[in-house]
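Peer 1: Listed in order, the protein sequences are those of chains L and F. Note that my numbering numbers the first sequence so that position 20 is 84, with each residue one more than the last. Note that my numbering numbers the second sequence so that position 228 is 236, with each residue one more than the last.
Quick caveat, the hints were computed from the structure, so don't treat them as lab data. Computed from a prediction, not measured in an experiment: that's the story for all the values here. Glycine included, C-beta positions come from ideal geometry on N, C-alpha and C. Misleading hints may appear alongside valid ones.
What the hints assert, rightly or not - DSS-like, lysine-lysine: derived pairs with alpha carbons at most 27 Å apart: (1) K224(F) <-> K213(F); (2) K286(F) <-> K205(F); (3) K224(F) <-> K272(F); (4) K166(L) <-> K213(F); (5) K166(L) <-> K234(F); (6) K234(F) <-> K251(F).
Claimed, not checked - What follows is a list of derived Cβ distance ranges for each label pair: (7) P14(F) <-> V172(L): 27 to 33 Å; (8) Q283(F) <-> A190(L): 52 to 58 Å; (9) T269(F) <-> R163(L): 45 to 51 Å; (10) P219(F) <-> L236(L): 52 to 58 Å.
Listed below, chain by chain, are the residues.
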Amino acid sequence: MGDTTTTSDDEAPSGATAASTARAPFAPWDRRDLPGMFSVAETARRVGNYKWTEMKLFEALGGWIATVPELDIKMRLGAHCYHHAWHADLWNQRLPELREMKPERLTVPANDAIVRFIAAMTEPEAPELTIEKLVGVYRVLIPRFISAYTYHRNNTSEITDAPTIRSINFILQDEFDDWRDGEMMLQSLITTPEDVQRAASHQAKLETIMVEAGGITGPGSIGGSSSDGF
Amino acid sequence: MRQFFPVEDLARDERFVQTNMAERLADTRNPMEPASNRKSAKSRSAGNRLTPDRPDASDRARGLMHGIMVGEIQALEGAGRTAHDFEAGDGSGDTIPFELKLDMARQAWDEARHVEISAKLGDWMGTELGEFQENTVLFEAACSNDPVLRLAGVNRALEGLAIDVFTQMKEFGDLAGDPYLEFCEDWMLADEVTHVKMGSDWLRKVTEKDPDRRTKALEFQQVVDKLFSFGGARGDHEESSFKLARRFRELAGFTDDENDTINKLGVDAFNERSQAVKQAQDAASAFADA
C-alpha cells in the first residue's frame with residue numbers, strides 16, 4: 065500500500081468528487097414483491113405432489129419405449145423420460161430446504177383420484193396404442209403440469225421462494241418443449257376420423273379423472289379453492 | 009403396463025427382422041479364420057479386425073454400424089424399462105435407489121441420442137434401416153427380475169463391449185479418412201464410459217452388504233461377456249475382431265484382473281468355436297465322401 069491519505073472525505077485521490085454508493089435495496093426496475101400465497105408447509109406439500117407425479121411420468125415414458133414401434137417416437141420418449149426424471153430430482157433436492165428431511169414422506173399423490181389417473185394413463189401397452197399413450201401424456205398430464213407450475217410461479221413469494229421459482233422456470237421450459245414435441249407426434253399419427261375419435265375419447269376419459277382429482281396438487285392446483293378471487 | 013416386459017414383445021416396425029443369440033450361435037457358417045491360415049499372420053489387414061484396406065471393409069462397416077444402431081435401440085429400451093420396472097427404495101427386494109432410477113432415465117436419453125447418431129451414420133454409409141438382422145440379446149440381458157443383474161449384464165458387460173467396439177470404429181474412421189465417423193464415435197465412447205462407470209458404482213453400492221448377490225451378478229456378467237465374445241471375436245489375441253480398450257475400461261471402473269478375465273473368456277470362446285467349426289467341417293467331409 066502506498067500513501068493512503070486523502071484531501072477530504074468528499075474527494076477521491078484523483079481530485080474528483082466521490083459519488084455516493086448508497087442505493088435503495090431494490091433497483092427501480094426490480095418490482096419483485098415479498099408477499100406470497102404459500103407457506104413453507106404448503107409449498108413443501110405441493111413440491112411433494114410434483115415430485116410424485118413427475119416420477120410416475122418418467123417411469124411411464126421409460127416403460128413405454130419398448131412398446132412403441134415408431135422409431136422417432138421411441139427416441140423422443142427416451143429424451144423426455146430424462147427431462148421428467150430431472151424435474152423429480154430438482155423437487156427431491158428442494159424438499160429438505162423446505163424443512164422436510166425425509167423427502168419420501170411428502171413424495172405422495174395429491175389424492176386417490178390422481179393415483180387412478182396415473183393407472184388409467186399407463187394402462188395402454190399394446191404396440192398399436194401409441195395414440196392413447198401420447199394423448200394421456202401430452203394432451204392431459206403435461207398441460208396440467210404447465211398450469212400448476214405457472215400458477216405456483218405466479219403466486220409464490222418472489223423473494224422468499226426464489227429457489228422454487230428458479231426450478232419452475234427451468235422445468236416449464238422443458239414442459240413447453242415436450243408438449244410441443246408430443247402434440248406434433250400426435251398430429252402426425254392422427255390421420256383419419258377414427259383416429260380423431262380414439263384420441264378424443266381417451267382424452268375425455270382421462271380428463272374426467274383429472275377433473276375429479278382437481279389437478280396435480282389436488283383442488284386448488286391453479287387456485288379457485290380458497291379466497292383467491294375465483 | 010406390465011412390470012416386466014418380455015423380449016418377444018419388443019415393438020418394431022415391419023422393416024426390422026429379429027434373431028436371438030441361440031440362433032446366432034447355432035450357425036457355424038462364416039467362422040473366424042485362424043491366423044495360421046492367412047498369408048501374413050502379422051498383417052492387421054489380413055486379420056479379423058476391421059480395417060479400411062479389407063476388400064469387404066465397406067459391407068462389414070455398414071453391418072457393424074447397423075448392429076450398433078439396433079443395439080442402441082435395445083439399450084434405450086432396457087434403460088427405460090429399469091427406470092420403470094422397480095419402485096424407488098433402499099435397493100432391497102424389488103426396489104432400487106431413487107438416484108439409480110434417475111441414472112437409468114439419463115441413460116435412456118443418452119441411448120436415444122446414440123440411436124439418432126448411428127441412424128444418421130448408417131444413412132451416411134448407405135445402409136437402409138432393417139437391411140441387417142437384429143440380434144435381441146442385449147434386451148434379453150436387460151430383462152432380469154433382479155436389477156443388479158441388469159447392471160452387471162447391460163451396464164458392465166454390454167456397455168463394456170460398446171467401449172471396445174466404439175474404440176475400434178473411431179480408429180476405423182481415422183484410418184479411413186472419415187472424420188464424421190471418428191467424431192461421432194468419440195462422443196458415443198464418452199457416454200459409454202459414463203454408463204459402465206455408473207454400472208460399476210451402483211453394483212458395488214447396492215450389493216455392499218450382500219456379497220452373495222454381488223457374486224451372482226458378477227457371474228452373470230461373465231456369462232454375458234462370454235456370449236458377447238462372439239466365439240472369440242473380442243480380446244487381446246491376434247484373431248480377435250475387437251481389441252479390449254483397456255484404458256477406457258479402466259476409466260469406467262474395470263480392474264486389470266477383470267479385463268484379463270474378459271480376455272481369457274475370448275480366448276476360450278475362440279477355441280471352442282474353432283473346435284465346433286472343425287467338427288462341422290469333418291461332418292461335411294464325411295457326408296461328401298459317403
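Peer 1: Hint by hint, note whether the structure agrees.
Peer 2: Hints and how they fare:
1. K224(F) <-> K213(F): holds, 15 Å
2. K286(F) <-> K205(F): violated, 39 Å
3. K224(F) <-> K272(F): holds, 20 Å
4. K166(L) <-> K213(F): This hinted pair holds, its Cα atoms lying about 21 Å apart.
5. K166(L) <-> K234(F): Violated, at roughly 43 Å.
6. K234(F) <-> K251(F): holds, 15 Å
7. P14(F) <-> V172(L): 27 to 33 Å: holds, 32 Å
8. Q283(F) <-> A190(L): 52 to 58 Å: Once the Cβ atoms are compared, 45 Å apart, the range 52 to 58 Å for A190(L) and Q283(F) is violated.
9. T269(F) <-> R163(L): 45 to 51 Å: Hint holds: Cβ distance 50 Å, inside 45 to 51 Å.
10. P219(F) <-> L236(L): 52 to 58 Å: violated, 46 Å
Hint compliance for this structure: hints 2, 5, 8 and 10 are broken, all remaining hints hold.
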